[in-house]
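Trainee: Single-letter residue listing:
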Amino acid sequence: MVNIPVLTVEKLNKRFFLHEQETFIPSCDDVNLTVNNKEMTALVGPTGCGKSSVLKCIYRTYLPRGGRILYHAEDGHTTDLAQASDHRILELRKRGIGFVTQFLHCLPRKATLDVVGEPLLVRGEKKAAARDAAADILRLLNVPERLWHVPPATFSGGEKQRVNLARGLISRPRLLLLDEPTASLDPATTERVIELLSAIKAKGVAMLAVFHHPELVRRLADRVVELTPQGAEFQETEEKIQ
Amino acid sequence: MKKILGVKNLGKIHGSGCPRCLESTGPDAGSNICSHCSSVVAAANISFDLHAGEVLGIMGESGSGKSTIVKMLFFDEEPSLGEAVFFDDERQWDLFSVNAAEQRWLRNHRFGIVYQNPHLGLNFNFSAGGNIAERLLMSDLAHYGQIRERARDLLTRTEVMPERMDESPKKFSGGMQQRVQIAKALSTSPPVLFLDEVTTGLDLSVQARILDLILEIQQELGTAMIAVTHDLGVIRLLATRTIVMKNGRIIEAGLTDQILEDPQHAYTQQLVASAL
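Residue numbers (this note's numbering), protein chains in the order written: chain A, 1 to 242; chain B, 1 to 276.
Next up, chain A with everything else stripped away, as it sits in the complex (with noise of 0.2 Å):
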């Protein structure tokens, strides 16, 4: 079966004016790429051509200049957002679109539970059910029972960089943005969490992250997209390794 497309950016353009400094700042310009359901996409590059922006720009935590950014929802209707209005990609965001952060901003004094349920209350599940399902993906990444009545404020890296996973996975979106994933975790956990992509990967989800080490792309994208200051080019990789 083919594998149909779940997100289609075309041309999209991003640059900030900073009205203190008078200058532009280029972000990225004529990215062009695909994500479909059960595939991921891999977005590389140098640090600073863009690969978070995209993201951003996907999620309207930046507002893109130009371009379109093709949201295809099950039902087979099609939102631009780079265009939609606030509201609609708000409806979005709790189901549809999930996003895992570089960094974990969560209040100082919630507890892990809460902050890992907390996109599943936001959408109007109940707290006991939120916390449960809270509770199943922590377990799942190798999160220690003992951390998950504190607030983790003062967890280590990789710690807190799983509770950011779990708390982008909770909502089961149709299209989760990963903006490196592993990049402080062990051998061991990276493993879990490729693991974990890889399984949620096969049930549909599509994916587009931004990695850092060629072992991740190869392993676990479809699909990889190059960046480079002036532009994006893409290619697709040759062949899947398993």
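Hints are computed from structural coordinates only; laboratory data are not their basis.
Beta carbons are placed, not taken as given, at the ideal position from N, Cα and C, and that holds for glycine.
Watch out, some of these pointers could steer you wrong.
[What the hints assert, rightly or not] Per the computed footprint, the stretches of chain A lying under chain B, defined by three or more beta-carbons under 8 Å from a beta-carbon of chain B, are:
1) 57–71
2) 85–92
[Said to hold, decoys possible] Calculated pairs, DSSO-like style, for lysine-lysine (alpha carbon to alpha carbon, straight line, at most 30 Å):
3) A/LYS126 to A/LYS94
4) B/LYS2 to A/LYS94
5) B/LYS8 to A/LYS126
For chain A, the structure is supplied; the task is to place chain B on it using the hints.
Mentor: Chain B alone, transformed into the frame defined by chain A:
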């Protein structure tokens, strides 16, 4: 989520007003005082929608007109321009053409407000419980036992010790007074709650607990809220969407994370850059 409030071209002018008030004020003019007639254009061209269950932040410096918006919507001030429609379960209310009795009914049943100054929201001659009872009485609940029971529940929910419900709020700390205000506002389970600088002037730890409480309640009850604040931290914590105001006008509106990470307007960039 469905639209619960639609505001179009809302404006408030203090003074006689003249045909050139709007063009001679605003962020481009750098002032909200009309250079022709000296009227103060506290707010103008304010348009936005509020959806059920969402928190909209209104951010801006003192005098930017943010509180004026809430005051007009809660009937504390009469608007000079524009319209606002409240989409209730059963009917639509054109807020600025309802009569005084309907205004009172809406204030008591369908809207709630928490002011920065607890003196505005509470009667200090009544006990904490009495303040809640007053609102409940106006919303048709008349049984003494039931009212007391409900007041006790609400105060417990907002973490005010119920054994102090018979004391006047004037004996309470600033944080507790805000909690009583929140309990009072929520007593009739309104679908819309206005928050006007509710944590300004409180200790940081008290602020955090009040904001956590508001967020919990919002998630539990799905109350739509408009939160007016000059505090970026409050915006970040509470609001999913944010409006930025300057000199009585909206200069920027968007998702809160976008406003904070990719602000477009020079003033918003300046605000975000000055965060501590």
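Trainee: Give a verdict on every hint.
Mentor: Status of each hint after checking the structure:
Under a criterion of three residues with beta carbons nearer than 8 Å to beta carbons of chain B, the stated coverage of the segment 57–71 of chain A is upheld, 4 such residues being counted. Taking a C-beta to C-beta cut-off of 8 Å, the segment 85–92 of chain A contributes 5 residues in contact with chain B, enough for the three needed, and the coverage statement holds. Note on A/LYS126 and A/LYS94: the hinted pairing holds, with a Cα-Cα distance of about 15 Å set against a maximum of 30 Å. Between B/LYS2 and A/LYS94 the CA atoms are separated by roughly 15 Å; this keeps the pair inside 30 Å, and the hint holds.
A threshold of 30 Å between alpha carbons decides the hint, and for B/LYS8 with A/LYS126 the separation of about 35 Å lies outside it, so the pair is violated.
Consistency with the previously given hints fails for number 5 only.
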